[in-house]
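Taken in sequence, the protein lines are chains X and U.
For any residue, its number in this note's numbering is found by taking its place in the first sequence, counting from 1, and adding 11.
For any residue, its number in this note's numbering is found by taking its place in the second sequence, counting from 1, and adding 976.
Don't take each hint at face value.
Footprint (simulated), chain X over chain U, 3 or more residues, beta carbon under 8 Å [claimed, not checked]: (1) 1023-1031; (2) 1058-1064; (3) 1071-1079.
Hint data in this document are derived by calculation from the structure and do not stem from the laboratory.
Think of the CB as a built atom: it goes at the ideal place given N, C-alpha and C, for glycine as much as any other residue.
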Amino acid sequence: MIQINPIIRLVNRNLTISINPGFIIWQILFPLIYIFIAGFAYTALIDSVPFGGKNLDYPAFLASGMIGFNIMNSTLISGIIIWNDRRHGMFEQIMSGPFTRTHYILSNIVTIAIIGLFSAALITAVGYPVFFNSVEFSIVTILLIIFGSVVGAILFGSIASIISTKLRSSEGFNVIINTVFLFCAFASTAFYPVQGAPQPLATIFYLNPLSYLVDIIRAGIFGQVTDFVITEMLLLIALAAILFVIATKLLTKLDF
Amino acid sequence: MLCIETRNLTKKYASTVAVDGVDLQIESGQVFGFLGPNGAGKSTIIKLLTTLISPSNGKISVLGMDSAKHPLEIRKKIGVVLQQPSYEPTLSAEKSLEKYGMMWNIDKKIRKKRTEELISAFGLEEIRKKKMDDLSIGQRRRVQVAREFMHDMELLFLDEPTVGLDPAARRKLLDFLREQVKNSGLTIFYTTHVLSEAEYLCDNIAIINNGKIIAVDSPSELKNRFGHEKTIKIHISKVSEELKSKLSEIRECQIKLEPEPTVIINSTKSEIVLMNILKILNETETKINDLSAIPTNLEEIFLKIVGDSN
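Please build the complete structure, drawing on both the sequences and the hints.
As structure tokens, this is what we get:
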């Protein structure tokens, strides 16, 4: 019998239990509403947005921001998997089978990285007509989108995992996770530029890792990779590593 | 060959000793029953033996492997049905079996075959397409137990597997387990509160109370050792003062007034005591409504052993 790696087997299981028509529709529909309704509606208010050395149309600015936003949103799955596994006894069941906690943790990260990449590719394809005029696609664009998908998945997946290990009740889990992710979404550069924002708000924007993720993806799409973007990449890696270690420690300490 | 061996197995939680110096030796190819009142330490021992938790003290050997050194290797060769439900709410019963087999790296063709066999063996035909979230507790339990037979194993831990099952499903499961032990040489470590189940299924039984093993033997030997005392109940029409006075001289009997006047004999020489009581009943002109002897079953023995240990 061919021995399939335990992480791949768990990823297969994670994708089967997580992906359903409702999730896919939500993952596509939600960004579409933002890009094509909010994007064009706000054009009347926001003429153009400066980014690097360019002036972007607001729909193009928003569509590129939605890629980062969707990567973050898809990582909610990590928290939901862990929380559901604990609630429905599957965490204990898996741990009494041919798996270790490391297998379990890594399978969650791989699962959300796959979903994050899928989401990023989907929104890039959907948003392409909108940012078509300003785009500077190159191999760097693809690499930065992959970088954003993987590091963003680890970072936000770890946040979701930390929350799911700490909360038992479904109400508590939903309220906390939605509040955290909603705050991250709206206090970031995904929807609006930092230029012109009041100073306290601008500071909050750059305490939020989603802003870094969105800046990196935008830089890739519009060919504006600067030293600041490279610093953001390094910060994102460091933060993702720290949160991943914390999430792993908490999951390792979960008692039966 | 020894399948499970523990030496001075101890598990402490803060100031509570859940398992207290347990020594167990369980031979392969049998159903080993593990009985005890609530909170006696049964589930904790299962979690220790399945490497889910580590002992505070002592040694565990499962299938010849040290659990502290080879936990993953042990888990690859055992099956576990824990006490609490475990299921994927979004999957159907059939998909649950199939995916569980996939998680255990079972070949797709074998998975398909086993899924069909288990659906039939556990009577899951009507619910195979229903989502796990929509099933009753008993139906979920059946899928949970069936799922464990998707993979090969040498040792199976079943922690109260019949909870929520109706009598027919329960008997079907017990017969299925017997068959598995007979045909494949599987060893089953079985906990239950239904003592008739243990009597029907188990080759050997351990009784645990307050984290300590207080008796280990076959059901028949336990009966021989602890079942000498027989119980006879005599339902009578009335209780007079004279009767009370005369019966008070016989130590092995007691009178209960509720729900109906009854003389209860608990004695290793119950037949002799019965003769004496019948004589007294005759002298006091007390009418006998009914007379019954309660056979010595595992439940009586369990209650006696646990009662004595308390």
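Earlier hints that do not hold, by number: Checked against the structure, no hint fails, so every one of them is satisfied.
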